[in-house]
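Place chain A on chain C using the hints.
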Amino acid sequence: MLGVGDKFPAFSVMATVSLEKGKEFETITDASYPGKWKVYFFWPMDFTFVCPTEIAAFGKLAKDFADRDAQLLGGSTDSEFVHLAWRNNHDDLRDLPIPMLADKKQELGKALDVLHKGIGMYLRATYIVDPEGTIRFVSVNDLSVGRNPQEVLRVLDALQTDELCPCNWEKGQATL
Amino acid sequence: MNLEQLLDTVPSYAKDLKLNLSNLLQQPDLSKQQIWGSALTSAITSRNPQLLKAITAAAAEHLKPEAMEAARAAAAIMGMNNIYYRFQHLAENKKYGTIPARLRMNVIRTHGIEPVDFELFCIAASAINGCGVCIDSHEKVVREKGTGEEVILGCVRIASVVHALATVFDAELSA
Chain C
22 MLGVGDKFPA FSVMATVSLE KGKEFETITD ASYPGKWKVY FFWPMDFTFV CPTEIAAFGK
82 LAKDFADRDA QLLGGSTDSE FVHLAWRNNH DDLRDLPIPM LADKKQELGK ALDVLHKGIG
142 MYLRATYIVD PEGTIRFVSV NDLSVGRNPQ EVLRVLDALQ TDELCPCNWE KGQATL
Chain A
516 MNLEQLLDTV PSYAKDLKLN LSNLLQQPDL SKQQIWGSAL TSAITSRNPQ LLKAITAAAA
576 EHLKPEAMEA ARAAAAIMGM NNIYYRFQHL AENKKYGTIP ARLRMNVIRT HGIEPVDFEL
636 FCIAASAING CGVCIDSHEK VVREKGTGEE VILGCVRIAS VVHALATVFD AELSA
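Taken in order, these protein sequences are the chains called C and A. The first sequence begins at 22 in this note's numbering and counts up one residue at a time. The second sequence begins at 516 in this note's numbering and counts up one residue at a time.
None of these hints come from the bench; they were simulated from the model. Be aware that one or more of the hints could be misleading.
Now the in silico label distances, taken between C-beta atoms and shown as ranges [stated by the list, open to error]:
id	chain 1	residue 1	chain 2	residue 2	range
1	C	Q127	A	N608	54 to 64 Å
2	A	R562	C	E41	40 to 50 Å
3	A	P630	C	T69	45 to 55 Å
To give a feel for the contact side, a few chain A residues facing chain C, derived at Cβ under 7 Å [unchecked claim]:
id	residue
4	M595
5	N596
6	R624
7	S652
Because the structure is a prediction, the values reported are computed rather than measured. Note that the Cβ used here is the ideal one computed from N, Cα and C, for glycine as well.
In isolation and in its complexed conformation, chain C is listed as follows (with noise of 0.2 Å):
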């Protein structure tokens, strides 16, 4: 499992972005988002019971990761009309503001190995990648247990908090 220094996998995949016909689809790479830290955060099946509401509590969050510089994308192995087709069929899905990644080939998923041994899905796995393209945090959970969506823009805002001034500057370190 890739984890806390490594560099992010190249990737390229469709991803669900929109309701409106003819702006529902496009194509996302880890290029994407350029000079922006990146939160990805999976899960193993659409049209499943604790997914929703994490997703949903992320999508709550977008514009506190959005004040931080940091794009939020969340992710499957499902096509991206399964992701379309479940948030059409969704309440608390339809207003989602947050790309939903089709990770179809399950290319991303084995590039960081995050994938149930079992049944090739994703376990609730949830990076922080730096715009440098660093992975900072990395947390997985197994299938049942949903996630804290609160507990990872703290974790963005610990890892972007830097005591920059002269006054804790010390001897040897670089200065700005």
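Leaving out everything else, chain A in the frame of chain C:
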């Protein structure tokens, strides 16, 4: 009311301040960015709305937009740091200095103008807010980057006079 007009309303008991400011805004040792950025940071830190409005308008004629933002950012971030770190240094319990601050201050890295000038704006704010160790650490950094005491004092003089004028305008307004 522009800055000149506002300064014309300074009462006679504070005439020294008015004359000091007009001299300081033209001092040859400092760049325009250093002068007007320090003045803007000081005006924000000194909290008189009339003076802030007039100095903002005047500064905009001499500063590029990034520098205006950087001066504002210095006042904003030092408004926080001057309190937090002054507490740490005044407190007898030195353990506070070892506990992470957990305060975001990324603008110190991302302000986008010359680092020395941003530091000078921070010194101006620290002088007004009265954080001794902030003053020491920032002025040390600035001198290590090759800037001399005269330039630093030039900014502190601006801070002193702007602050004084702010108190005068506060008094005159509530009279």
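To see whether the hints hold, each was checked on the structure:
As the Cβ distance of Q127/C to N608/A is approximately 55 Å, the hint placing it in 54 to 64 Å holds. The hinted range of 40 to 50 Å is satisfied by R562/A and E41/C, whose Cβ atoms lie roughly 48 Å apart. For P630/A paired with T69/C, a C-beta distance near 52 Å keeps the hint of 45 to 55 Å intact. The interface hint given for M595/A is broken, as the beta carbon of that residue sits about 10 Å from the closest beta carbon of chain C, more than 7 Å.
The closest approach between the C-beta of N596/A and any C-beta of chain C is roughly 6 Å, which is under the 7 Å cut-off, so the hint is satisfied. Because the smallest distance between the Cβ of R624/A and any Cβ of chain C comes to about 6 Å, under 7 Å, the interface hint for this residue holds. Nearest Cβ of chain C to the Cβ of S652/A: about 4 Å, under the 7 Å cut. The hint holds.
Of the numbered hints listed earlier, the single one contradicted by the structure is hint 4.
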